[in-house]
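S.K.: Each chain is listed here by its residues.
Number of protein chains: 2
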Amino acid sequence: MRRSLVLAERPRHHPEASNFLLREDDIPRSAAGEVVTRTIWLSIDPYMRGRLSDRRSYAPPVAIGAPMTGETVGEVIDSADPGFVPGDIVLGPRGWQTHIVSKAKSLTKLPRDGAPLSAYLGVLGMPGTTAYSGMKDIGQPKAGETVVISAASGAVGSVAGQIAKRAGCRVVGIAGGPDKCLWVQEALGFDACVDHRVAHLGRMLQEECPNGIDVYFENVGGAVQEAVFPLLADFGRMVMCGMVAQYSDNELHPGPNLGAVVGKRLYIQGMIVSDRPERFAEWRELATPWVRDGSLVYRETIIDGLENAPEALRLVLTGGNFGKMLVRVGPDAS
Amino acid sequence: MRRSLVLAERPRHHPEASNFLLREDDIPRSAAGEVVTRTIWLSIDPYMRGRLSDRRSYAPPVAIGAPMTGETVGEVIDSADPGFVPGDIVLGPRGWQTHIVSKAKSLTKLPRDGAPLSAYLGVLGMPGTTAYSGMKDIGQPKAGETVVISAASGAVGSVAGQIAKRAGCRVVGIAGGPDKCLWVQEALGFDACVDHRVAHLGRMLQEECPNGIDVYFENVGGAVQEAVFPLLADFGRMVMCGMVAQYSDNELHPGPNLGAVVGKRLYIQGMIVSDRPERFAEWRELATPWVRDGSLVYRETIIDGLENAPEALRLVLTGGNFGKMLVRVGPDAS
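Heads up: the protein sequence lines correspond to chains R and W, in order. Mapping of the first sequence onto my numbering: position 32 corresponds to residue 32, and the numbering continues sequentially without gaps. Mapping of the second sequence onto my numbering: position 204 corresponds to residue 204, and the numbering continues sequentially without gaps.
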């Protein structure tokens, strides 16, 4: 049997298990040009909160009664496309489901001797590519500049900061709690990491960024953004990747007065990684050797069982994850 | 005798005549590499408010006791530089003064058979170049797009909108009062102009911009920005040129929530025209024929007498000008 988590009702604030319904049906067969996979890994990402809401966004919401969307890595069990055979491992099937029917052309075949499969959803996948594109296309950090990364221990932030370190920058992370901050400094090699739960976040950041902030990689918004914004240097860049702190909010708070944008010639640019699809393969090729040799560090929080995906998403939205959040839906490739 | 307006005290809100002192001294002579001009036209521009304040900005403030700064067109009366002779007309001497000593290399000689001299401070000068650079380097309007210009009848906005019309855009102005709005539509040829003094500014703008706003040229800030921001389209650009509505304020109000910057992939970029000095000559060359053939329309508000410069500046900061604000300090070139 196939199990699917379908959207039962739209969450009012953070998502809860009761917003979803477990549906069972027969394992489907593929029609021409289609492939059926059994899901191994399901990626859980902050953007999913937007799909649960009928608020206007860059992508349409998931319909009530439809399976929730999400990127997976799976094993092909049935193929009606000449490009795939059972046993192939693929990236790209979408859905909170144990078995997924996909158009073959939406899938990327993964090597069995490459990086660990879960890495293709995190450090080498959408979050890693987001960090790469954000830095390459917007932030453009130069050696000697100061770069600040919010959600620094997260799937995007941890990669963004390591890219800035490779570019020769002073990199200061912002993360929630002493464990994450310690990991960001010790394991990721950031120059400093400030805990956003402390009082005087702005003053702490100012001490770590005595020449101001040249690049701010924004994943969080809210009080963190408020502390960072006044510290931006002349010609500072804000990579506007996400504002997870407000994704479950119904009322949005005002933001910074934009007068400083003129005087400091700030550059603020929003991004959605899929706008530059060529960056995915580019980053995978660039970073796979770094993952294999251990020089690009990442961390995962793994939760077992499809039925726990809503809780996994709630954790991502409230800072309860540590690194990339994944749900293990089925056993690894044989 | 030379007359100078020197800064006596920093204004608390809008500038007043009492913030300045009239000082008289001898007409100076030029030392090597210097040129002395008698001032014909003094340009009055919103940025001057920043120079009166000791708040951190991109340029240092004018010191108490020093002549107020401002760009002029003048006639050379004494030169100790081989590049200039008495009778030359030049752009570039700076100061609220009847006679100004300048380094010769800071001056641009103007043709006597070119555009009217005052135009070199407005439509062909710093404000015109600001509009040109803002559109060329940031806004990049494309045919068929919707462009909104605040302070649309002003020295910068009037040019910015005409550039967007030449690019084939739908151009909607925002201006203060029916006279200005009428002129923006009839004389400048904008497709529409909304009076920001009406109630429901946001709804009025939405009606004029049914497909959203692709480029917003920001000169004003405040309630106008608040009305425009939610109407920005996906991939919308904000040319952050100025926020004159708050230049005299001591407390800055919050701005828009930046969540939409991510979802809509907005691009917000601050500018100071002097960061791209090559644009000045480029624009002068491009636009002089348009001024001479009347296809680039501009309007001036002229106030006579150096002693009225503080009042002219107050008017610019409160919307009391109509087009480019100038002070006529001395008679035109002989």
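Do not rely on the hints blindly, as some may be mistaken.
Distance condition first, Cα-Cα at most 30 angstroms in a straight line; then the derived DSBU-like pairs of lysine-lysine [stated by the list, open to error]: (1) R:142 with R:109; (2) W:136 with R:142; (3) R:264 with W:136; (4) R:136 with W:136; (5) W:264 with R:103; (6) W:264 with R:136; (7) R:136 with R:264; (8) W:103 with R:264; (9) W:136 with W:264; (10) R:142 with R:165; (11) W:142 with W:165; (12) R:105 with R:264; (13) R:105 with W:264; (14) W:136 with W:109; (15) R:142 with R:105; (16) W:264 with R:142; (17) W:142 with W:109; (18) W:103 with R:136; (19) W:105 with R:264; (20) W:142 with W:264; (21) W:105 with W:136; (22) W:165 with W:264; (23) R:136 with R:165; (24) W:165 with R:142; (25) R:264 with W:264; (26) R:165 with R:264.
Okay, the calculated bits of chain R under chain W, using three or more residues with CB under 8 angstroms as the criterion [claimed, not checked]: (27) 27-35; (28) 86-99; (29) 232-241; (30) 262-268.
Just so you know, these hints were derived from the structure itself, not from any lab. Just so you know, even glycine gets a beta-carbon here, dropped at the ideal spot from N, CA and C.
S.K.: Is residue 142 (chain W) within 30 angstroms of residue 165 (chain W), Cα to Cα?
M.R.: holds, 10 angstroms
S.K.: Would the pair residue 264 (chain R) and residue 264 (chain W) pass a check requiring their Cα atoms to be no farther apart than 30 angstroms?
M.R.: holds, 23 angstroms
S.K.: Between the alpha carbons of residue 105 (chain W) and residue 264 (chain R), is the straight-line distance 30 angstroms or under?
M.R.: Status holds; Cα separation ~27 angstroms.
S.K.: For residue 136 (chain W) and residue 142 (chain R), compute the direct alpha-carbon distance and say whether it is at most 30 angstroms.
M.R.: Holds, at about 25 angstroms.
S.K.: Quick check: the segment 86-99 of chain R, covered by chain W? Criterion 3+ residues, Cβ under 8 angstroms.
M.R.: violated (count 0)
S.K.: Does the alpha-carbon distance linking residue 105 (chain W) and residue 136 (chain W) stay inside the 30 angstroms limit?
M.R.: holds, 27 angstroms
S.K.: Holds or violated: residue 142 (chain W) and residue 264 (chain W), Cα atoms, limit 30 angstroms.
M.R.: With Cα atoms ~18 angstroms apart, residue 142 (chain W) and residue 264 (chain W) stay inside 30 angstroms; holds.
S.K.: Holds or violated: are the alpha carbons of residue 165 (chain W) and residue 142 (chain R) at most 30 angstroms from each other?
M.R.: violated, 38 angstroms
S.K.: Is residue 136 (chain W) within 30 angstroms of residue 264 (chain W), Cα to Cα?
M.R.: holds, 22 angstroms
S.K.: For the pair supplied as a hint, residue 136 (chain W) and residue 109 (chain W), is the alpha-carbon distance within the 30 angstroms limit?
M.R.: holds, 26 angstroms
S.K.: Going straight from one Cα to the other, do residue 264 (chain W) and residue 136 (chain R) come out at no more than 30 angstroms?
M.R.: holds, 19 angstroms
S.K.: Check the hint pairing residue 142 (chain R) with residue 105 (chain R) against an upper bound of 30 angstroms on the C-alpha distance.
M.R.: violated, 38 angstroms
Checked against the numbered hints above, the structure breaks hints 1, 12, 15, 17, 18, 24, 27, 28 and satisfies the rest.
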